[in-house]
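Student: Quick note: the sequence shown uses our numbering, first residue 1, plus one each step.
Hints in this document: simulated from the structure, not taken from any laboratory. A couple of the hints might just be wrong.
[Stated by the list, open to error] Computed list of lysine-lysine pairs in BS3-like fashion (alpha-carbon distance at most 30 Å, straight line):
1) Lys411 <-> Lys163
2) Lys223 <-> Lys165
3) Lys411 <-> Lys165
4) Lys431 <-> Lys165
5) Lys163 <-> Lys223
6) Lys411 <-> Lys223
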Amino acid sequence: MEDSGGDEYGIDLPFFLVTCVPMVFCTTDLKTMTETLILFYLIPGKNFQVPQKIGNVTKQPLKSIWGLTRIVTCAFCLFVCLLSMSHNSLGQDNAEMYETRPLSPPSLSLSRKPKDKELMELEPDSISEGALNVGKDAKEEKQWKEMKVHVDDLPGILARLSKIKLTALVVSTTSAGFALAPGPFDWPCFLLTSLGTGLASCAANSINQFFEVPFDSNMNRTKNRPLVRGQISPLLAVAFATCCAVPGIALLTWGVNPLTGALGVFNIFLYTCCYTPLKRISIANTWVGAVVGAIPPVMGWTAATGSLDAGALLLGGILYSWQFPHFNALSWGLREDYSRGGYCMMSVTHPGLCRRVALRHCLALIALSTAAPMLDVTTWTFPVISLPINLYISYLGFRFYADADRRSSRKLFFCSLWHLPLLLLLLLTCKRRPAGPADPADPGQLPS
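Put together the whole structure using the sequences plus the hints.
Tutor: This is the structure in structure tokens:
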């Protein structure tokens with residue numbers, strides 16, 4: 001029977017309608033339309049032959065590669081459409097996007113209630129359509145001020161929106177989990193896992209910033225974020241998050257395995273719908289956030305093995321415990337900022353608990369490192385050579401517990417920055433290698 005959904009040239013009517021038709025209504029840029037159409041027709045069709053599996057994990061035939069490429073292309077095209085709408089609505093010659101922000105007249109501050117005398121000084125005819133005139137010198141003053149954002153600056157804005165440094169850390173811990181898993185290293189599966197995890201992290205971070213705009217504006221640490229400064233519209237931020245989340249989860253689910261995809265969905269939900277609102281309600285947000293940070297290495301392990309083993313939980317436990325001295329030390333120096341922003345943090349509401357929890361989890365890193373060879377993740381060399389750095393961070397954790405100030409918190413925080421990558425490197429160095437093939441001859445039988 002002839003397949004009506006597509007042919008060997010990749011012509012797929014539903015996919016064409018979803019991706020290319022919106023381009024006609026959203027842009028008049030012939031170059032953009034042509035590039036998108038070329039990209040569409042270069043995607044292989046349903047009859048494209050793909051390998052039966054990727055690596056040693058995926059057991060079902062991966063004809064879903066066809067679907068994955070279309071999902072990624074669809075997300076890209078929709079994002080281009082939104083960009084084109086913002087671009088064309090304001091003129092293509094300047095290649096700029098505009099944001100608007102209220103501008104109050106110099107003699108009438110909107111931050112306080114105006115006095116009756118000030119209101120009487122304003123002439124009735126000074127308020128015109130779209131403008132507020134104050135005196136003769138301010139007749140042309142508008143109530144709304146245009147803010148220009150060059151399209152060339154958009155990659156940097158999106159990088160800050162997605163917290164690119166934090167995303168890089170997430171991808172690196174995922175890669176460590178993949179490399180520590182037993183079995184041969186599969187490069188195609190590794191690349192799909194890294195890409196999918198990175199996209200999921202970008203989506204979660206973008207949604208987090210979208211929700212926290214009113215609170216970030218009150219903190220010195222976050223007041224320069226793109227959404228707070230009006231460098232990007234909330235609609236475009238949500239569209240960017242969607243265009244990252246959909247292909248990211250699709251890659252993890254169909255390109256790697258469903259378990260890894262489910263962990264990715266759960267982590268996005270936990271970060272955006274649980275951790276983010278909980279930051280203004282309870283100090284339990286720190287423990288929830290630690291779970292979010294512990295899941296990426298588990299995803300790397302499940303991507304390589306297809307199962308949730310004790311080794312995966314051990315890696316998650318190491319990342320879970322490491323985050324408490326790292327974040328508690330960081331938040332100690334930002335107590336005024338968090339209090340001003342309305343966040344419920346241990347360092348603000350429970351300073352004693354903040355110090356105790358940091359020390360406990362510094363000591364927990366020693367116990368978890370000792371458990372690694374017991375679970376056949378590493379050799380016994382690992383707990384020995386990792387003991388000095390674990391003892392050092394525990395010493396700094398004790399100093400932070402005994403006398404918490406800006407100096408001790410900074411030392412503990414900066415120690416945590418190099419402690420984690422060094423600990424992961426030692427884990428990889430001491431990874432337990434799989435045993436070689438057994439000798440078919442009976443070892444108890446002497447050769448004749």
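Student: Taking the hints in turn, state whether each one holds.
Tutor: Hints versus structure:
The straight-line distance between the Cα atoms of Lys411 and Lys163 is roughly 24 Å, inside the 30 Å bound, and the hint therefore holds. With a C-alpha separation of about 18 Å, the suggested pairing of Lys223 with Lys165 holds against the 30 Å cut-off. Between Lys411 and Lys165 the CA atoms are separated by roughly 21 Å; this keeps the pair inside 30 Å, and the hint holds. Restraint check: the Cα-Cα separation between Lys431 and Lys165 comes to about 27 Å, which is no more than 30 Å; the hinted pair holds.
At roughly 14 Å between alpha-carbon atoms, Lys163 and Lys223 fall within 30 Å of each other, so this suggested pair holds. Our distance criterion of 30 Å between C-alpha atoms is met by Lys411 and Lys223, whose separation comes to about 25 Å.
Of the numbered hints given earlier, the model fails none.
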